[in-house]
Amino acid sequence: MIDWRKLDKRSPLAWMALADQLIAKSQFFISAESVDQGGVDEAVRDMSEFVQNANTFCPVEAIEAVRRASNQLTKAQAAAAIADLATRSARLDAISARLSSASNELKADAARLRLEPVRRALGAASTALAKVKEVEASVANLSKNDIAGRATEIARVLESLIEELESAAM
Numbered sequence: 041m042i043d044w045r046k047l048d049k050r051s052p053l054a055w056m057a058l059a060d061q062l063i064a065k066s067q068f069f070i071s072a073e074s075v076d077q078g079g080v081d082e083a084v085r086d087m088s089e090f091v092q093n094a095n096t097f098c099p100v101e102a103i104e105a106v107r108r109a110s111n112q113l114t115k116a117q118a119a120a121a122i123a124d125l126a127t128r129s130a131r132l133d134a135i136s137a138r139l140s141s142a143s144n145e146l147k148a149d150a151a152r153l154r155l156e157p158v159r160r161a162l163g164a165a166s167t168a169l170a171k172v173k174e175v176e177a178s179v180a181n182l183s184k185n186d187i188a189g190r191a192t193e194i195a196r197v198l199e200s201l202i203e204e205l206e207s208a209a210m
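Going by my numbering, the sequence shown opens with residue 41, and the numbers climb by one from there.
One or more hints might be untrue.
Below are the SDA-like pairs computed for lysine to any residue, each with C-alpha atoms no more than 20 angstroms apart in a straight line [stated by the list, open to error]:
hint : residue 1 : residue 2
1    : K46       : D86
2    : K171      : K147
3    : K115      : P157
4    : K49       : R85
5    : K49       : D86
6    : K115      : I103
7    : K173      : K147
8    : K171      : L201
9    : K173      : A161
10   : K65       : A119
11   : K49       : F97
12   : K115      : V91
13   : K65       : W44
14   : K173      : E193
15   : K46       : T96
16   : K46       : E89
17   : K147      : P157
Since the hints were made in silico from the structure, they are not lab data.
All chains should be modelled from the sequences, with the hints used to inform the complete structure.
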């Protein structure tokens with residue numbers, strides 16, 4: 041903030057000295073590693089005040105120099121904002137990639153979970169097939185009279201197969 045009470049507004053040298061201070065302040069912010077937004081805003085306000093308060097004693101060269109410095113500072117602000125935006129965009133892209141990867145993993149897990157009942161049913165069906173072949177082999181060697189005697193045993197085997205298949209399907 042400019043202290044206008046201390047400035048000799050009738051002295052071209054005082055105006056030039058103030059312009060030099062504002063330009064130096066502007067150059068400091070332009071060359072800084074990171075942007076001090078508060079400091080930059082204050083420098084822009086000071087330069088604007090300088091131009092507004094300039095009188096006929098203020099050299100035109102001083103006004104032009106302050107105007108050019110203000111333009112450079114505004115360009116540096118815009119470049120910093122663009123760089124910040126690019127950095128944030130890159131961060132968002134990285135987050136998006138991680139979310140996409142996690143989503144794909146969850147989809148794969150969900151697919152595996154949906155297949156688990158099918159696998160159990162397939163295992164039970166394989167077991168049932170083995171038992172049916174076992175019953176078939178034992179029945180093939182029996183006469184018709186013996187099959188009637190073993191009907192209860194065959195029915196129990198088939199009932200247990202049905203129960204296994206039903207429990208596997210759940």
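Each hint, compared with the structure:
{"no.": "1", "hint": "K46 / D86", "verdict": "holds (15 angstroms)"}
{"no.": "2", "hint": "K171 / K147", "verdict": "violated (37 angstroms)"}
{"no.": "3", "hint": "K115 / P157", "verdict": "violated (64 angstroms)"}
{"no.": "4", "hint": "K49 / R85", "verdict": "holds (19 angstroms)"}
{"no.": "5", "hint": "K49 / D86", "verdict": "holds (16 angstroms)"}
{"no.": "6", "hint": "K115 / I103", "verdict": "holds (18 angstroms)"}
{"no.": "7", "hint": "K173 / K147", "verdict": "violated (39 angstroms)"}
{"no.": "8", "hint": "K171 / L201", "verdict": "holds (8 angstroms)"}
{"no.": "9", "hint": "K173 / A161", "verdict": "holds (18 angstroms)"}
{"no.": "10", "hint": "K65 / A119", "verdict": "holds (18 angstroms)"}
{"no.": "11", "hint": "K49 / F97", "verdict": "holds (7 angstroms)"}
{"no.": "12", "hint": "K115 / V91", "verdict": "holds (19 angstroms)"}
{"no.": "13", "hint": "K65 / W44", "verdict": "holds (17 angstroms)"}
{"no.": "14", "hint": "K173 / E193", "verdict": "holds (15 angstroms)"}
{"no.": "15", "hint": "K46 / T96", "verdict": "holds (18 angstroms)"}
{"no.": "16", "hint": "K46 / E89", "verdict": "holds (15 angstroms)"}
{"no.": "17", "hint": "K147 / P157", "verdict": "holds (17 angstroms)"}
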